[in-house]
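Student: Residues per chain are reported as follows:
There are 2 protein chains.
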Amino acid sequence: MSAMSDETPVLDAIRFTPDGLVPAIAQQHDTGEVLMMAWMTRETIAETLQTGHVCYWSRSRGKPWRKGETSGQVQTLKALRVDCDGDTLLLLVNQVGVACHTGRRTCFYREAGDGGALTEILAPEADPEALYGHKAP
Amino acid sequence: MSAMSDETPVLDAIRFTPDGLVPAIAQQHDTGEVLMMAWMTRETIAETLQTGHVCYWSRSRGKPWRKGETSGQVQTLKALRVDCDGDTLLLLVNQVGVACHTGRRTCFYREAGDGGALTEILAPEADPEALYGHKAP
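Protein chains in written order, with UniProt numbering: chain Z, 1 to 137; chain B, 1 to 137.
Treat the hints with care, as some may be off.
One side only, chain B facing chain Z, incomplete, derived with CB under 8 Å [as the list claims (entries may be wrong)]:
id, residue
1, E7
2, L21
3, I25
4, Q27
5, G32
6, V82
7, T102
8, F108
Simulated from the structure, these hints should not be mistaken for lab results.
Note that CB positions come from ideal geometry on N, CA and C, so glycine has one too.
Isolated chain Z, as found in the complex (with noise of 0.2 Å):
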């Protein structure tokens, strides 16, 4: 893809918190699953539109995180969208594998029933400590 400095638009077009972050929603990009959101920075989202692969940022970490990296499971960016005020993101990936750390295609497997009870409606298709070598927490 184009070099850092093309990205300077669609980067000057986003609204970062003070903190330099913005939120991204990664979608897949031919079912429309919502995979997860994550933070991404100035830099993690130059990197992503260069490399075609998806970096956040690890706020627990304090450093990029570049999905997939350790697990296997990459992003590939297929497309990058701004919202209309530019303080989220939508990122159409292509997700090899499983997008979540407990071996679930989507974090988003907990969904509220009636009587207020959270459902899990989602198994688990890769083995968490397969993909990292440990048991997810």
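Let chain Z serve as the given structure and place chain B on it in line with the hints.
Tutor: Okay, now just chain B, sitting in the frame of chain Z:
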């Protein structure tokens, strides 16, 4: 739907920010379109579950934002999902008309193209002036 006290299990599974907020993604339940992202509080989630009409929290106005109250473009709740770490919601909704204050179906109508330019990929379906009685910013 059920009474507020019954919603406690769902509400207790959510990890709110220090400001008491949680991001909520709205997705059209049948087409899979990602319509918008906004913020909710414990109280607006409880109200949404009770009434079946989506109520966000307006950070700019500092009060509940009953989606469509002014414009008529309401969102009926079909399902509420919570992600793996409890810090993001996915609302499956039925969106009447358009979700975006610019008159477009979705807020994500700008896409990054080659060279980093942002291109509008969706035209307005409704006149913002007719929806709100004034031009959208």
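Student: Would you mind marking each hint as holding or not holding in the structure?
Tutor: Against the structure, the hints:
1. E7: holds, 4 Å
2. L21: violated, 12 Å
3. I25: Since chain Z brings a Cβ to about 6 Å from B/I25, closer than 8 Å, the hint holds.
4. Q27: holds, 6 Å
5. G32: With a closest approach of 3 Å, the B/G32 hint holds.
6. V82: Because about 5 Å separates B/V82 from the closest Cβ in chain Z, which is inside the 8 Å limit, the hint holds.
7. T102: holds, 5 Å
8. F108: holds, 4 Å
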